[in-house]
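K.L.:
Each chain, written out:
2 protein chains.
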Amino acid sequence: MDQQTLRRLIGEKAEEVNRLLAHALPEEKGENAEVLRAMSYSTEAGGKRLRPLILLHVGDLYGADRKLTEPFAVALELIHTYSLVHDDLPAMDNDDLRRGKPTTHKVFGEGMAVLAGDGLLNYAYETALEAFRHANDQEGTDRVVQALEVLMKNAGVHGMIGGQCADLMAEKEEPASPADTVLYIHEHKTAAMMESAFQIGAILGGASAEDTENLKQIATDVGVAFQIRDDILDIEGDSTLLGKPVGSDIEEGKLTFPAVSGMEKAKAEVERRTDHALSLLGTLSVQDAFLQALIVSLTGREY
Amino acid sequence: MDQQTLRRLIGEKAEEVNRLLAHALPEEKGENAEVLRAMSYSTEAGGKRLRPLILLHVGDLYGADRKLTEPFAVALELIHTYSLVHDDLPAMDNDDLRRGKPTTHKVFGEGMAVLAGDGLLNYAYETALEAFRHANDQEGTDRVVQALEVLMKNAGVHGMIGGQCADLMAEKEEPASPADTVLYIHEHKTAAMMESAFQIGAILGGASAEDTENLKQIATDVGVAFQIRDDILDIEGDSTLLGKPVGSDIEEGKLTFPAVSGMEKAKAEVERRTDHALSLLGTLSVQDAFLQALIVSLTGREY
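Same order as they appear, the protein sequences are chains W and D.
Under this note's numbering, the first sequence is numbered contiguously, ending at residue 307.
Under this note's numbering, the second sequence is numbered contiguously, ending at residue 307.
Looking at chain W on its own, in the form it has when it is part of the complex:
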């Protein structure tokens, strides 16, 4: 699949997710209207909708009922959105802008931004729960329970929140083993939500345990490789424009793979993980050119 086709498909699928999100949140009226407005504002702020579009696409590949996958796709994006709202707070990353728009706490105030994040997380699970209504038998119900377990674990202290904790601690003092910590952060803060994206559609479609496990490993590799590549581009971009030396990130307290292990090892790690993900993709019972092109694009093997 060429890059142009890939970009067109990603755009179409993201639009599909945007249509689902437009109807996902409650109408903004009544005594709780302000928190609903803050939730909508945060959700509409955009983004690539990568996680939900992957979830829907994998679900389609395994023949999952859209009535089951759509609530989970919406839930996954709402969880991603809440994590950004809380991450942007002054007590965390203290960001005033996200994608060129004022962050939620700049528009609605800090207290309302805390509530909006809480509301998005809670509403995500309320939305995912709707899938039970469309699970027609015990097998369908079991799949929804398993999908909920994956969604919740990857968002929680053993997933994304765990990664955010390690990230916050690493900013305060250098960890005992920076290489281990940076990998933990990437695997939990970035890759865990990718695991939900790659696994949940398959679970809801009744994929084999083997395929589900391989999709999880693909997601981990893609998530970590994507994050390392991002850090590589950051440094290489900077070194060209500003002459900033490799490794200066660590002095700013930002823990990155290239800063900790060097540029050469970082590039090799991206390559190794991308190759591993693509080779696992080939073992699945379903074959798909879109996922292959997406993985290559996300991990960007070309430098």
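Treat the hints with caution; some may be incorrect.
Said to hold, decoys possible - Partial list, computed: chain D residues near chain W (C-beta under 10 angstroms):
| # | residue |
| --- | --- |
| 1 | Leu93 |
| 2 | Gly123 |
| 3 | Met156 |
| 4 | Glu175 |
Claimed, not checked - Here are the in silico distance ranges between beta carbons for each label pair:
| # | chain 1 | residue 1 | chain 2 | residue 2 | range |
| --- | --- | --- | --- | --- | --- |
| 5 | W | Gly210 | D | His280 | 42 to 52 angstroms |
| 6 | W | Asp292 | D | Glu32 | 34 to 44 angstroms |
| 7 | D | Val290 | W | Asp64 | 47 to 57 angstroms |
| 8 | D | Asp69 | W | Glu153 | 16 to 26 angstroms |
| 9 | D | Arg11 | W | Gly113 | 38 to 48 angstroms |
| 10 | W | Gln150 | D | Gly304 | 38 to 48 angstroms |
| 11 | W | Lys258 | D | Gly34 | 16 to 26 angstroms |
| 12 | D | Gln142 | W | Glu19 | 36 to 46 angstroms |
| 13 | W | Ser181 | D | Ala293 | 54 to 64 angstroms |
| 14 | D | Asp279 | W | Glu19 | 54 to 64 angstroms |
| 15 | W | Glu175 | D | Gly304 | 47 to 57 angstroms |
| 16 | W | Glu48 | D | Asp279 | 46 to 56 angstroms |
Claimed, not checked - Computed cross-link-like contacts, DSBU-like style, restricted to lysine-lysine with a CA-CA straight-line distance of at most 30 angstroms:
| # | chain 1 | residue 1 | chain 2 | residue 2 |
| --- | --- | --- | --- | --- |
| 17 | D | Lys176 | W | Lys110 |
| 18 | W | Lys157 | W | Lys52 |
| 19 | W | Lys110 | D | Lys258 |
No wet-lab data here; the hints were simulated from the structure.
Glycine residues also receive a C-beta, built at the ideal position from the N, C-alpha and C atoms.
Position chain D against the provided structure of chain W, taking the given hints into account.
P.N.:
Same frame as chain W, now just chain D:
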């Protein structure tokens, strides 16, 4: 039931909840240890454990499997705890102490307190989900799904978070209809979590739709009456000690029922709601002296 027996039973039941909570959270080790420590600290800070002990007690009355009710009791207390952690943040109520101990953000920092609250909310639902493992048939599974729906709705934008939103907005500017807003806040911020406490055990025990609905109404009445009584005691205590006039709360931006509608109407409302709750209690298919004594004690009809 006399007050002494009631207090002893409440103490015993709270201890039972404390034992469940002691094993509820993950071991504090690894890269995410700090957020787990902050979650434990917040949860161990104590409190009356009223909501989970009511949930377990009502579940026992309806013969619910303890393997089903215990995860929900723990989840309900974790949700209550997260709401306190986020409520205490500088951006919200800005409290340094809770029950005589430094609040979570004073001990762990604001960023970690945001994460700990998020972690508690997410882990609450992970814990409740464990009930599915003990639901042996389709009927049991359906009950767990229904219990999850009630738990999530009452915690979210149509429940507690909705109430917190209205409360936060009322502090900024006086609402158009203060009497309506104060009732909305009590029904959502206080009573919604009581509804979970009174309803979920019954649902998991297979109570009739009629009993479940009556328990919801009892919880609303008890929650609202409890809150109004609290505000009455605040004012009467103050007016005795400080000569603070009734209605001064509204000038401080605090919206209370007695401040909005006057002391006489407030006392009548507590009495009306307590009588209503006790009369509904008499219509249930189960009869219980503990719940009756608890309601009288919580709403404190004696002034």
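K.L.:
With 10 angstroms as the cut and Cβ atoms as the points, is glycine 123/D at the interface with chain W?
P.N.:
Because about 5 angstroms separates glycine 123/D from the closest Cβ in chain W, which is inside the 10 angstroms limit, the hint holds.
K.L.:
Would the stated hint for leucine 93/D survive a check requiring a Cβ distance to chain W of less than 10 angstroms?
P.N.:
6 angstroms, holds
K.L.:
Note whether the CB distance of aspartate 69/D and glutamate 153/W lies within 16 to 26 angstroms or breaks it.
P.N.:
Check passed, 20 angstroms falls within 16 to 26 angstroms.
K.L.:
Could you say whether the range 54 to 64 angstroms given as a hint is met by the Cβ separation of serine 181/W and alanine 293/D?
P.N.:
59 angstroms, holds
K.L.:
In this structure, is the beta-carbon distance linking aspartate 292/W and glutamate 32/D contained in 34 to 44 angstroms?
P.N.:
42 angstroms, holds
K.L.:
Double-check methionine 156/D for me: the hint is only fine if its C-beta lies closer than 10 angstroms to a C-beta in chain W.
P.N.:
5 angstroms, holds
K.L.:
For lysine 157/W and lysine 52/W, compute the direct alpha-carbon distance and say whether it is at most 30 angstroms.
P.N.:
Given pair lysine 157/W, lysine 52/W holds - Cα atoms ~23 angstroms apart, limit 30 angstroms.
K.L.:
Given a hint of 36 to 46 angstroms, does the C-beta separation of glutamine 142/D and glutamate 19/W actually sit inside it?
P.N.:
38 angstroms, holds
K.L.:
For a C-alpha distance cap of 30 angstroms, please report whether lysine 176/D and lysine 110/W respect it.
P.N.:
16 angstroms, holds
K.L.:
Can you tell me whether the CB distance of glutamine 150/W to glycine 304/D sits inside 38 to 48 angstroms?
P.N.:
47 angstroms, holds
K.L.:
Is the hinted range of 47 to 57 angstroms satisfied by the C-beta distance from valine 290/D to aspartate 64/W?
P.N.:
49 angstroms, holds
K.L.:
What's the verdict on lysine 110/W and lysine 258/D, does the C-alpha distance respect the 30 angstroms limit or exceed it?
P.N.:
It holds: about 25 angstroms lies between the C-alpha atoms, which stays within 30 angstroms.
Hint violations for this structure: none, all hints satisfied.
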